[in-house]
Amino acid sequence: MMRRLSPEERIKAAAHARNRWKKELNRRDVLHSRIRLEPTLRRRIAETKRVHLVVPEVFGLNQNYSESMSIVEQLKQEAFAKDGHKRIFRLDFSQVEHVELDAFLVISAEIDRARNAPGIKNLNRFSAFRPRLWRPHVLAYLEQFGFFDDLVEYSLRRTKRRKALDLGFATVPTIACAGMAPERAGQLSDELRNVAQFFRHPTFVYEGLVEAMHNTVDHAYRDKDLLKYSPVIGDWWWAAAIYLHAESQIQVVMFDQGAGIPKTLPRWSKFEAVRGYFDGWGVPLDDDGLMIRAAIQTSRTSRSSSDGRGKGLGQIVSIARELDDSSVRILSGNGQVIYRQEDDVEVSTLEKHIGGTLIEWRIPVHRNGV
Amino acid sequence: MAQTIKIVEDFHPYPAGRYPADGEGNGTSFREKFLVPALKEKREVIIDLDGAPGYPVSFLEEAFGGLVREGFSPEAIRQWIEVVAKQPGFERYLRHIEEHITVAEQQSSAKHVH
Chain U
1 MMRRLSPEER IKAAAHARNR WKKELNRRDV LHSRIRLEPT LRRRIAETKR VHLVVPEVFG
61 LNQNYSESMS IVEQLKQEAF AKDGHKRIFR LDFSQVEHVE LDAFLVISAE IDRARNAPGI
121 KNLNRFSAFR PRLWRPHVLA YLEQFGFFDD LVEYSLRRTK RRKALDLGFA TVPTIACAGM
181 APERAGQLSD ELRNVAQFFR HPTFVYEGLV EAMHNTVDHA YRDKDLLKYS PVIGDWWWAA
241 AIYLHAESQI QVVMFDQGAG IPKTLPRWSK FEAVRGYFDG WGVPLDDDGL MIRAAIQTSR
301 TSRSSSDGRG KGLGQIVSIA RELDDSSVRI LSGNGQVIYR QEDDVEVSTL EKHIGGTLIE
361 WRIPVHRNGV
Chain H
1 MAQTIKIVED FHPYPAGRYP ADGEGNGTSF REKFLVPALK EKREVIIDLD GAPGYPVSFL
61 EEAFGGLVRE GFSPEAIRQW IEVVAKQPGF ERYLRHIEEH ITVAEQQSSA KHVH
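As you go down the protein sequences, you meet chains U and H in turn. For the first sequence, position 47 matches number 47 in the numbering used here, and the numbering has no gaps at all. For the second sequence, position 71 matches number 71 in the numbering used here, and the numbering has no gaps at all.
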């Protein structure tokens, strides 16, 4: 037999029915919205390409130039495809056992450009692919340089930062800067004294960085026709440094995405002196490594021009002459030159164009204070 | 009594570059502000290099070599301007400055001969 509901029960039943009705209306609303938007969603998904970049086991320009630069070149080609697609780059470091500062700086700079260059700005995003599978020391290395602070999205909860010496290195985070900024060079050389307390030669680092900066501002980006990929607006350069405890060595690296020393030399006021070296060597003027060598020799040995200019390149490598066990490596265009001592200079041709100019200083840190 | 000018305190903490377009710590500005007035007024100055993060060649050459290009003789420069550096490793800058003055003089003489 049916029972009559009390007034309170009738109120509760009515409220319950009203809630069910509201939920049904919401469900229909969401469904209809999705149906309306779905073609747009489908189109947006189709316009976004996913690019999987697998970084090689040894990621370094010294030990594995070809494979390391292949990834960088792949990144650039995709980022500058200009096909209207947005791209999500998934950076896969799961194979990596060893990272060198030179390759790290180049890829950081290229990611920076892919995110900010005119014409492709906001089209490219970068994310870490399966960071749980990356070696802990590789993750820590990238993290300490600020790789995930702004450049690459990293969804895994950050592990606590370990003390630098647990990993055998201490870093000075990457600097990205446009134009002359000697205070940034000064701050970097000060930071080096913080991470390597026995470091006694910060003046060479400051002077080398400032003269390299000068070179970038005066020459690297002047002639846009010489640049294969559009640079970020301004005379941009990137720098970073690391102290390697086991090697008792500091490495400082600087990179720009300009045309390179060999390409810009013909506009230099001392180009005739450079040409004179090639005449003396009896080789044609088309070897990038020899062009760099000749430019530095000219800067170091020839008399100043009437306005006093032209000595900066020579100062970039002066530490190799003045400090035992130090070296300076310059990669520009397709050429590489390594200065160790006054007469120990190695010139070689790179398998691929580096896409600018990279300078690396390696300086010993003697813990006995010498 | 000679006036002492400490570059990092009285001019700029990061000396670098040749021209004003290179930044506030450039060699031209340093020369015009401190060295040229001292030479014009025949007033002794002591330039103290200590405390700087370093001295790029472009700064030193423009500051001191530029004096010769402005018409001041090396003898006058050495008479009125004394450069001092007590910080370890900074003595090399004294040699560099002397070289810049000498080379600028040679360049200047070569220009007049031609």
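Bear in mind the hints are in silico, worked out from the structure with no lab data behind them. Do not take every clue at face value.
Unchecked claim - With beta-carbon atoms standing in for the labels, derived distance ranges:
no.	chain 1	residue 1	chain 2	residue 2	range
1	U	Pro173	H	Gly89	23 to 33 Å
2	U	Ala246	H	Glu91	27 to 37 Å
3	H	Lys33	U	Asp307	50 to 60 Å
Said to hold, decoys possible - Below, a sample of chain H positions facing chain U; criterion: calculated Cβ distance under 10 Å:
no.	residue
4	Phe11
5	Pro15
6	Ala21
7	Asp22
8	Pro37
9	Ala38
10	Ala52
11	Gly54
12	Pro56
13	Arg69
14	Phe72
15	Gly89
16	Arg92
Unchecked claim - Some chain H residues near chain U, calculated using beta-carbon distances under 7 Å:
no.	residue
17	Ala16
18	Tyr19
19	Pro53
Here a beta-carbon is modelled for each residue, glycine too, at the ideal position from N, C-alpha and C.
Outcome of the hint check:
1. At about 27 Å, the beta-carbon gap between U:Pro173 and H:Gly89 stays in the expected band of 23 to 33 Å.
2. Between U:Ala246 and H:Glu91 the C-beta distance comes to about 33 Å, which sits within the given range of 27 to 37 Å.
3. Judged by the Cβ atoms, the range 50 to 60 Å given for H:Lys33 and U:Asp307 is violated: they are separated by roughly 20 Å.
4. For H:Phe11, the shortest C-beta to C-beta distance to chain U is roughly 13 Å, which exceeds 10 Å, and the interface hint is violated.
5. Interface restraint check: H:Pro15 against chain U, minimum CB-CB distance 8 Å, threshold 10 Å, status holds.
6. Using the Cβ-Cβ criterion of 10 Å, the hint placing H:Ala21 at the interface with chain U is satisfied: the shortest such distance is roughly 8 Å.
7. At its closest, the beta carbon of H:Asp22 sits 5 Å from a beta carbon of chain U; the interface hint therefore holds under the 10 Å criterion.
8. Among the interface hints, the one on H:Pro37 is violated; its C-beta lies about 21 Å from the nearest C-beta in chain U, farther than the 10 Å criterion.
9. Checking H:Ala38 against chain U: minimum C-beta separation of about 20 Å lies over 10 Å; hint violated.
10. Contact between H:Ala52 and chain U, as hinted, is supported at the beta carbon level, the nearest pair being about 8 Å apart and thus within 10 Å.
11. Residue-level restraint check for H:Gly54 holds (minimum Cβ-Cβ distance to chain U is 4 Å; threshold 10 Å).
12. Contact between H:Pro56 and chain U, as hinted, is supported at the beta carbon level, the nearest pair being about 4 Å apart and thus within 10 Å.
13. Interface restraint check: H:Arg69 against chain U, minimum CB-CB distance 7 Å, threshold 10 Å, status holds.
14. The interface hint given for H:Phe72 is violated, since its Cβ lies 14 Å from the closest Cβ of chain U, which is over the 10 Å cut-off.
15. For H:Gly89, the suggested interface contact is upheld, since its CB lies about 6 Å from the closest CB of chain U, less than 10 Å.
16. Satisfaction of the interface hint for H:Arg92 is found here, the shortest Cβ-Cβ separation to chain U being roughly 8 Å, below the 10 Å cut-off.
17. Because the beta carbon of H:Ala16 sits about 3 Å from the nearest beta carbon in chain U, less than 7 Å, this interface hint is met.
18. For H:Tyr19, the suggested interface contact is broken, since its CB lies about 10 Å from the closest CB of chain U, more than 7 Å.
19. A hinted interface residue such as H:Pro53 counts as satisfied when its beta carbon comes closer than 7 Å to some beta carbon of chain U; here the least separation is about 4 Å, so the hint holds.
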